[in-house]
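*Asks:* What follows is the residue order along each chain.
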Amino acid sequence: MAASYWESSQRQFWTFSKPKLIAMRSKLEESERSVVQQFPLPERRLLNIYFMQQIQRLGKKLGNLRQQAMATAQVYVRRYYLTVELRRTNPYLVLSAALYIACKMEECPQHIRIIVVEAHNLWPDAVMADISKLGECEFAIIAELSSQLIVHHPYRSLGELQPTFGLETEETTLAWSIINDHYLTDLPLMYPPFIIAITAAFLAVVLRPSQSGTQGQIQAAGLAKALDSVTNAQSSPGSGPNPRVQKMVNWLAESSVDMEQIVDCTQELISLYEVWEQYNEKTCKDQISRFVKSRSLEK
Amino acid sequence: MAGGYTSKKRVYDRYRIIGFISSGTYGRVYKAVGRNGQVGEFAIKKFKPDKEGEVQYTGISQSAIREMALCSELSHPNIVHTVEIILEDKCIFIVFEYAEHDLLQIIHHHTQSNRFAIPAPSIKSILYQLLQGLLYLHRNWVMHRDLKPANIMVTSAGEVKIGDLGLARLVYKPISSLFSGDKVVVTIWYRAPELLLGSKHYTPAVDLWAVGCIFAELLSLRPIFKGEEAKMDSKKLPPFQRNQMQKIIEIMGIPNKEKWPLLSSMPEYAQLGALAANNPRLNKPFGLANWYNQTIANNKYPPNQPGAAPGSEGLNLLQGLLEYDPEKRLNAEQALKHPYFTQGDKPTENCFEGVQTEYPHRRVSNEDNDIRTSSLPGTKRSGLPDDSLIGRPAKRLKEG
Chain A
1 MAASYWESSQ
11 RQFWTFSKPK
21 LIAMRSKLEE
31 SERSVVQQFP
41 LPERRLLNIY
51 FMQQIQRLGK
61 KLGNLRQQAM
71 ATAQVYVRRY
81 YLTVELRRTN
91 PYLVLSAALY
101 IACKMEECPQ
111 HIRIIVVEAH
121 NLWPDAVMAD
131 ISKLGECEFA
141 IIAELSSQLI
151 VHHPYRSLGE
161 LQPTFGLETE
171 ETTLAWSIIN
181 DHYLTDLPLM
191 YPPFIIAITA
201 AFLAVVLRPS
211 QSGTQGQIQA
221 AGLAKALDSV
231 TNAQSSPGSG
241 PNPRVQKMVN
251 WLAESSVDME
261 QIVDCTQELI
271 SLYEVWEQYN
281 EKTCKDQISR
291 FVKSRSLEK
Chain B
1 MAGGYTSKKR
11 VYDRYRIIGF
21 ISSGTYGRVY
31 KAVGRNGQVG
41 EFAIKKFKPD
51 KEGEVQYTGI
61 SQSAIREMAL
71 CSELSHPNIV
81 HTVEIILEDK
91 CIFIVFEYAE
101 HDLLQIIHHH
111 TQSNRFAIPA
121 PSIKSILYQL
131 LQGLLYLHRN
141 WVMHRDLKPA
151 NIMVTSAGEV
161 KIGDLGLARL
171 VYKPISSLFS
181 GDKVVVTIWY
191 RAPELLLGSK
201 HYTPAVDLWA
211 VGCIFAELLS
221 LRPIFKGEEA
231 KMDSKKLPPF
241 QRNQMQKIIE
251 IMGIPNKEKW
261 PLLSSMPEYA
271 QLGALAANNP
281 RLNKPFGLAN
291 WYNQTIANNK
301 YPPNQPGAAP
311 GSEGLNLLQG
321 LLEYDPEKRL
331 NAEQALKHPY
341 FTQGDKPTEN
351 CFEGVQTEYP
361 HRRVSNEDND
371 IRTSSLPGTK
381 RSGLPDDSLI
391 GRPAKRLKEG
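Just so you know, the sequences run in chain order A and B.
Under full-length UniProt numbering, the residue at position 162 of the first sequence is numbered 162, and the numbers go up by one with no gaps.
Under full-length UniProt numbering, the residue at position 352 of the second sequence is numbered 352, and the numbers go up by one with no gaps.
Treat the hints as calculated values from the structure; they're not laboratory data.
Keep in mind the model is a prediction, meaning the values are calculated, not measured.
A virtual CB, placed ideally from N, CA and C, is assigned to each residue, including glycine.
Among the hints, a few may not be true.
Lysine-lysine pairs mimicking DSS-like chemistry, simulated, CA-CA at most 30 Å apart [as the list claims (entries may be wrong)]:
hint : chain 1 : residue 1 : chain 2 : residue 2
1    : B       : Lys8      : A       : Lys20
2    : A       : Lys293    : B       : Lys300
3    : B       : Lys247    : B       : Lys300
4    : A       : Lys299    : B       : Lys8
According to the in silico footprint, chain A covers these stretches of chain B (three or more CB under 8 Å from chain A) [what the hints assert, rightly or not]:
hint : region
5    : 4–12
6    : 56–66
7    : 247–258
8    : 343–357
Interface residues of chain B toward chain A, partial, derived using beta-carbon atoms under 8 Å [as the list claims (entries may be wrong)]:
hint : residue
9    : Ile85
10   : Leu87
11   : Phe116
12   : Gly320
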């Protein structure tokens with residue numbers, strides 16, 4: 001993949017700078033001003049958390065789908081909503097169709113009928129048991145994504161980094177879950193997968209799973225400390241608190257990896273974990289139902 | 001979705017269909033010319049909906065999705081260029097650049113009444129271009145899995161382009177599904193021995209075996225291993241392709257553990273012993289060198305003119321491609337560095353350079369010009385749409 005990423009559609013067409021993302025979104029909002037004003041929505045990342053949870057629920061119904069298929073589906077959804085206003089769509093249908101496509105691309109195909117039935121069972125008010133609807137949404141998504149469906153994920157890069165960084169099992173697991181979380185931010189639209197993987201590996205070593213206490217959600221404060229150790233190690237080489245962290249920093253210094261990108265990724269993640277504390281599933285659900293119902297998007 | 005899906009691009013606004021080229025289980029291919037600013041000739045592959053005259057969306061088959069994704073990802077002078085993909089009226093149209101010829105057609109032309117060999121420089125050029133396209137695919141972790149003369153296009157300018165990524169797969173995707181999903185891969189005559197022996201963990205080396213078979217076919221004008229396909233049994237398990245394996249052994253000899261260490265771990269390894277026990281002829285193989293020398297003589301390649309015959313380097317390259325052990329088989333990069341290409345005359349960019357032969361144009365029929373309303377041949381499907389593709393008998397019009 002390392003070879004093919006450079007010419008990939010992901011790099012050429014689906015990687016944006018932060019200002020570019022802001023510009024695209026404000027242009028979209030501008031053109032859809034009335035619906036945007038009529039139906040306020042939670043912060044984008046909170047919606048992403050909600051969408052991720054819905055995809056996971058559907059994935060579970062489909063027999064514990066591979067994480068990579070769910071990650072691919074999330075990327076499709078993120079890309080799709082860069083050019084299509086969310087309030088013009090039925091998000092539940094979009095999530096289901098994105099997962100349907102992702103399953104085919106990630107070689108764990110599911111029959112359309114099963115996806116439709118399970119989606120209908122999960123969201124009976126929003127998704128009708130109608131294959132044609134899902135198939136139509138599939139067309140819409142693929143057309144909007146210009147059939148560019150191959151997604152390069154950081155998971156593979158992480159696997160390649162594991163021996164280089166001498167990651168222990170818990171560290172790899174932690175890095176893996178950081179990668180899972182990065183799909184909730186704009187990072188997959190901004191950085192190459194190996195930058196994300198390096199960031200995740202780095203943070204995993206700095207955070208040390210045993211010290212971060214309870215498994216599961218990573219604390220913003222812990223990450224902020226991690227960021228400090230990154231920048232410290234950079235500014236005063238040789239005096240880092242953790243020799244392994246120092247070793248990674250040295251490795252990064254010798255590689256052509258841009259440290260600023262790692263720092264930026266870390267900051268995005270810190271900010272995500274801060275926002276996460278405000279997450280409320282019900283708010284997301286209700287605000288989505290409002291526009292889906294009143295605009296009859298479920299029909 | 002409110003209002004439903006309507007395509008922003010319309011096939012008829014951009015292309016005028018001139019005629020029908022071929023059909024297969026996936027749908028049909030049409031020849032078209034551009035209109036309204038679109039310039040040139042095109043081949044448009046239309047994927048048919050699962051059922052004839054479908055008025056509802058039924059979901060896109062996995063193989064169509066794969067092909068669409070790969071076509072929009074890959075770009076190389078020796079891969080058929082994808083101009084655009086249009087999703088319109090419940091159909092998918094992949095618009096390709098047009099190529100006047102393909103290798104099957106070219107080989108066929110040489111077997112006509114006054115049978116004559118394909119000039120050695122043409123073969124060298126074709127092979128070189130084919131390997132460059134393949135190197136690009138493999139560097140991008142794509143296995144083609146269905147290389148055969150009919151899938152290799154040649155433009156009027158003599159550029160060779162690999163086409164039909166309908167069975168192509170990314171190498172690093174889960175291996176378990178590679179075999180179970182598609183059941184059978186690669187047209188049987190070009191199928192690598194590790195596939196015939198039931199390997200589930202195969203690699204891009206399968207494509208290089210196919211290149212070896214194509215090289216041999218360009219030299220002799222007929223498939224080198226022309227086996228008869230064993231049909232799927234009632235349990236829908238892929239059968240052991242006994243006859244195909246036999247054809248290979250008749251020339252190449254029986255593979256053994258000394259030359260191919262992992263041979264005994266192949267699922268169908270036991271079949272090999274049974275095959276040899278019942279057929280004493282297989283213990284006295286013809287030998288690839290004999291086959292080669294005889295072919296060169298039969299097709300009257302001049303023996304003493306360097307460049308006018310493929311020579312001993314040609315044989316050596318062929319041996320490297322038709323190597324039993326996939327780990328020892330030449331990869332695309334090694335093949336391109338082979339003395340066959342690097343010594344003597346360099347491969348020409350135009351495979352028709354210096355060639356007097358006028359190859360017939362691709363036959364395009366006018367029977368079915370309506371890309372949107374034409375009725376399509378029905379095919380049986382079961383299970384997951386299209387993933388049960390068996391063999392895929394690509395019907396194509398016979399030339400001339």
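*Asks:* Hey, B/Lys247 versus B/Lys300, does the alpha-carbon distance stay inside 30 Å?
*Replies:* holds, 25 Å
*Asks:* Tell me if chain A covers the region 343–357 of chain B under the three-residue, 8 Å CB rule, please?
*Replies:* Check failed, 0 qualifying residues.
*Asks:* If you look at each residue in the region 56–66 of chain B, do at least three have a Cβ nearer than 8 Å to any Cβ of chain A?
*Replies:* This one holds; 8 residues, not fewer than the three required, reach chain A with a Cβ under 8 Å.
*Asks:* Count the residues of the region 4–12 of chain B with a beta-carbon closer than 8 Å to any beta-carbon of chain A: does the count reach three?
*Replies:* Our answer is that it holds, as 4 residues pass the Cβ test (under 8 Å) against chain A, meeting three.
*Asks:* Within a Cα-Cα threshold of 30 Å, do B/Lys8 and A/Lys20 meet the stated pairing?
*Replies:* holds, 24 Å
*Asks:* With chain A as the partner, please determine if B/Leu87 meets the hint condition of a C-beta pair closer than 8 Å.
*Replies:* Constraint on B/Leu87 satisfied, holds at 5 Å.
*Asks:* For A/Lys293 and B/Lys300, compute the direct alpha-carbon distance and say whether it is at most 30 Å.
*Replies:* Not OK: A/Lys293 and B/Lys300 at ~78 Å, beyond 30 Å, violated.
*Asks:* Under 8 Å, Cβ to Cβ, is where B/Phe116 needs to be relative to chain A, so tell me if that hint holds or is violated.
*Replies:* With a minimum Cβ separation of about 41 Å from chain A (threshold 8 Å), the hint on B/Phe116 is violated.
*Asks:* Would you mind confirming whether the straight-line C-alpha gap from A/Lys299 to B/Lys8 stays at or under 30 Å?
*Replies:* holds, 23 Å
*Asks:* Given B/Ile85 as an interface hint, is the shortest Cβ-Cβ distance to chain A below 8 Å?
*Replies:* holds, 5 Å
*Asks:* Quick check: the region 247–258 of chain B, covered by chain A? Criterion 3+ residues, Cβ under 8 Å.
*Replies:* Contact hint for the region 247–258 of chain B vs chain A: violated, 0 residues under 8 Å.
*Asks:* When the nearest CB of chain A is found for B/Gly320, is that gap smaller than 8 Å?
*Replies:* violated, 24 Å
The earlier numbered hints that this structure contradicts are 2, 7, 8, 11 and 12.
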